[in-house]
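Trainee: Protein chains in written order, with our numbering: chain U, 1 to 661; chain V, 1 to 360.
Note that these hints are calculated values from the structure, not bench results.
One or more of the hints may lead you astray.
Claimed, not checked - From the structure, some residues in chain U lie toward chain V, with a derived Cβ separation under 8 Å:
1) Leu14
2) Met38
3) Pro533
To be verified - From the derived model, a few chain V residues whose C-beta atoms are all more than 10 Å from chain U:
4) Ala204
5) Gly295
6) Gly305
From the three backbone atoms N, C-alpha and C, an ideal C-beta is built for every residue, glycine too.
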Amino acid sequence: MLIEAGHYALVLALAVCIVQTIVPIWGARRDDAALMEMGAACAVASFVCVAFSFVALSHAYLVSDFSIRNVVENSHSQKPLIYKLTGVWGNHEGSMLLWVLVLTIFAALVALLRRSLPARLRANALGVQGAIAVAFLLFILVTSNPFARLSPAPFEGRDLNPILQDPGLAIHPPLLYVGYVGLSIAFAFALAALIEGRIDAVWARAVRPWTLAAWAFLTLGISMGSYWAYYELGWGGFWFWDPVENASLMPWLAATALLHSVVVMERREALKVWTIFLAILAFSLSLVGTFLVRSGVLTSVHAFATDPGRGAFILGILTIFIGGGLALFAWRAPVLRQGGLFAPISREGALVVNNLLFSTACGTVLVGTLYPLALEALTGAKISVGPPFFNLTVGAIALPLLLLLPFGQQLAWKRGDVAGASQRLMAAFGLAILAALAVFAFTRGGPVLAPIGVGIGAFVTIGSVVEISSRAFGRGVGWRLAMRRAFGLPRAAWGTASAHFGVGITVLGLAAAAWSTETLVVMKPGDRAQVGPYTATLERVVPRSQANYREDVGLLRLTRADGTDAGTLEASKRLYLTRNMPTTEAGIRTMGLSQVYVSLGEAEPGGIGVRLYYKPFVLLIWIGSVFMAIGAFWAMTDRKYRVGAPVRAAVRAAEVREAQA
Amino acid sequence: MTIWIVFALMTGAVALAVLWPLARVRAGHAADASEADLAFYRSQIADIDREAARGLIGAGEAEGARAEAARRLLRARDRTSPAADASEAALRRRRAASAFAISMIPLVSLGLYGAFGSPHIPAQPLAARLAVDPAQLSLADAVGRIEAHLARNPDDGRGWELLAPVYLRMGRAQEAAGAYERSLALLGATPERLTDHAEALVLANDGVVSAEARKAIDAALAASPDLAKARYYRAVALEQDGDRAGARSMLAALAASAVPDTPWLPMVKARLAALDGTTATAAAGDPAIRAMVEGLAARLEGGGGDADSWARLVRSYAVLGEKDKADAALASARRDLAGNEAALARLGALATELALTDRR
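Chain U with its partners taken away, still in its complex shape:
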C-alpha cells in the first residue's frame, strides 16, 4: 500500500507541476496576485508529494521489499542498514528521484521565502522550475520508474554495486545533486527575467544567495567525490580528468564565473546579458553532465544506466531546455537595458577578466571531453584526451587567474588604482617569494615548477588575509579599532576572503603533490619497503569474512627513519559474493596533513603486489575546498540577503544612520 501510494504521489506531483508551469506565468503576465500565488502552492504541494514518494521508496529499501524491481536489482537483505538506505540513490532510478526531490525542495524554498523576491520574478521562476520538474518526472515515470513491481517477488536481491557500498555514497551524490539542481534556480531566474524583459540589481540580489548555495554544495560534492575516488579506487590519484568528473567540473567553472558576474550586476547593474547567459550555461552544463552519465555515451564508474532509450529522452530534455533557454535569450536579451560603466582597471574589470578565464577553462574542458566522443561518432576513430592535455591547458588558464586574484580584491569599484593595490600586496608577494625560495632550497627532487606552485599558493592564501586586513587597517588606525572594523565588515567580505583562502590552500596541496612517491613491490610477510620518510613492514596477510563479502587484509607497520613506531594500517582486497566482484580498500594512515596510502594488488608467486604511496600535505587539497564552501555559506548569511521587507530595511537604514553619527 505504501509503495503504491508513493507511486501515486509521484504521478500526482507531475500533475501539480503541469499546473505550476502554466498558471503562475499566466498570472505574472496579467499581474494577478492570486494566480501567481497558486504557483507557490503548487511548488509546496509537489515537494510534499515527491518527498512522500521518496520516503516510500526508502522504506521499501529498508524493509527489503523485493516486490519492487529496483530493490531487487540494487539491494540485498544482508546488507548493512546504512547501505540499504544509500542504495536508494545508488542506482539510476533512485538517483533520478533524488534529483527531482532536490529540485522540488528548491522550488518550495523559493515559494516559501517569498519576502526576499519580487512577486512577478518569483512567479515566472516557479513556472520555469515547474517545467523542469515536469520533464524529469515524465522521464522517471516513462523510462526509469523506481516503483516498477515484480510478482511473485523473489526472496533475495542482487546487491548493490560493491564500489558503491561505502559511506561516500551517503555524502557525494546528495551534495552534488544539491549543487547541480541549485543551478536550476539561477536558470529559472534568468528565464524569468527574460520572460519579464526586466533585469536589474534586485534580480542579482535575489539570485546571488541561491547561486552561492548551489556553488558551495557543488564544490563540496566534487571534492568529496574526488576524496572517495582517491581512497576507494586504489590508484592513489584524486582527479583523473575522467569525462564524468569533467561533466561535474564544467558546471562548477560556469557557476564560479556566474558567482562573480552576479556581484558586478548587484553593485553596478553591469554585465546583465553576460550574467543571464552564464546562468543558462551553468544549468545547461549540469544537464549535459546528467545526460553524459546516463545515456551510455560514456563508460565509467558512474555510468550505471546505459540505455539508449533513456539517452534519447534526456537528449530531448536537453534540447528543449538548452535550446529553449538560448532561443529565449537571443530573442529577449536585446530588450535588456544596459547598466553602469567602468574603467578597465577596476574591480569590475578584474571580475570580467575572471569571467573570461573561467569561461575559457570551461570551454577547454568541454572541448577536451566532447571532442573524442564526437570524433568517434563521426569517423569511428578512438582517441583519448588525457590528463596531459587538461593539466597543461587548464593549468595555463589557472596561472593568471591565481596571480590576478589578490589584485582584483584590492581594486576599487568603477576606477581602480594599480599602484595602490600592488603596494598593499607587497607583503604578501614578498612572503610568497620567500616561501618558494625556502622550499626550493630545502627540498631535493620534484619538478622545478613545484616550488613556484607553492609560491603561488602562498600568495593567494596570504593575499586573502590581506583582503580583510587592508580593509580593517588604515592610516593611523590602531589595533583595537582595526579589529572592530574587521569584525564590522559585511559577512560577504569575510566569505569572499575565506573562499579565496581555500583556493590558496588547495593550490598548496596540489603543488605538494609533486613530492609524492609511488612504489610497487611484491612483498611477503616480514618484507620491508621504503615509503617517503617511513619504512613499511608487511606484518601479515589474513583472510576475513563479513556478511556480504570476504576479504584478504594486509597489515602493515610503519616506522620512522630513527626506528620509532609510526602506527599501523590495513589495506584489503574484497570479494563481494552476490555479484562476485572484487574491490580494493586502500589502507590510509594520516600523519598531520600527509598520508601514507597502501593498496593491495594481485597475489603473485613471490608474495603479494603492494602499491605504496607517500602523499605529503595531500589533505590540503580537500581542506581548501571546505574553506571555499564555508566562505560561500558565510556570505549567504550576509544581512542584505536576509532583508527583503521594506519595514526591516527602514529599521536598518536607521541603524546605519546611528552608526554614522
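Fit chain V to the known structure of chain U by using the hints.
Mentor: Positioned in the frame of chain U, the structure of chain V alone reads:
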C-alpha cells in the same frame, strides 16, 4: 478498494492545497513588489554611505555611486505597475485557473497511474514474508508460486533446480525429470545434476534404468568417478542388463568406500544381499547400524515421516533379516502415508522387491 480511497484523499488534499491561494489572496496586482525594490535601492545607498564613512571608497567615487543608485531608485519608483484590471476579468481568470487545476490533477494522475501503477500488488517486506511459518505455507502453495514464477521466467535455471527435488519428494517423478532437464539445459551439466536427472528418470520409469538415464549416469561418472549415487545406479543398470557379477563388484566397492554412517549404505547392502541371494544378517551384529535403525524407527513412530524415510526403515529391517519388523514397518508406513498415492505405489514396489508380506 482501500487503496483507491487513499488515492482519492491524496488527490483531494493536493487539489485543495493548490486552490487555497485563490480563496485567500485578494485579486489584483502585487503591490509589494515595487516596494521591495525601493527598499533594496535605499539599502544600497545606505551601504555606500557606510563605506564612505569608513574610508573604504573615496569621496568622489561615493558621490558618483550614490547618484547612480539614486537614479535606479527613481527609475524603480517610476515603474508604476499597470492598474489591476476589472474584478470581472480577474474572476474569470480564477474560474479558468481553478477549472484547469481541478481537471488536470485527477486526469493526469489517474491516467498515468493507470498506465504504470500496480494497485493490486500488496507490499511484501521480507521480514513479514519470512515470518510466515513454512508449515502454514503449504507445500503445494509454495510449489504453485515457484511454478508461476517459472511460467513467466522459463529461463531461470536455478528455479527449476530448486523445484525438481520438491517434485521428486511429492512423487511427481516425471515432472522432476522434466525440471532437471531444464536446469541441465540452462545451467549446464555437472555430474551431480546429471545423476539427479537420471535418478528422476529411473523413478519415473518404475525403477527401470532407461537408455537415457544410463547415458546421463555414464556422463556423470566420466566426469566424477567417485559419485556414489551414480555408481549405485550404474550397478542397478548392470544388474538389469544381466551382468550380476559386475553389479555385485560395483556395489561391494561402493559399500567398502562408504563412511559407516552414510544414510544410503543400508540400501546398497540390501541390494548387494539381494544379488547374493542372502540377507545380510551379518550387519545385524553391527551396533552402529542397529542404533541408527532404532533411531529412525523411533523418529518415524512419532509421525510426520516422509516416503523416503519409511522406505529406508523398511529396507533396513529387511536387510537386517528382521522380516517381522519389516512387515510391521510397512504397515505403519501405509497408515502414515495414507492418501499419498505416489508414496503408496512406491511402498508396494518395495514390498514386491523385498518379498515382504504386504497387508493392504
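Trainee: Compare the structure with each hint and give your call.
Mentor: Hint by hint, here is what the structure shows:
1. Leu14: Result: holds, 6 Å to nearest chain V Cβ.
2. Met38: holds (5 Å)
3. Pro533: violated (48 Å)
4. Ala204: holds (28 Å)
5. Gly295: At roughly 33 Å from the nearest Cβ of chain U, glycine 295/V sits farther out than 10 Å, so the non-interface label holds.
6. Gly305: Glycine 305/V is indeed farther than 10 Å from all Cβ atoms of chain U, at 28 Å.
Going down the numbered hints, you'll see the structure goes against just number 3.
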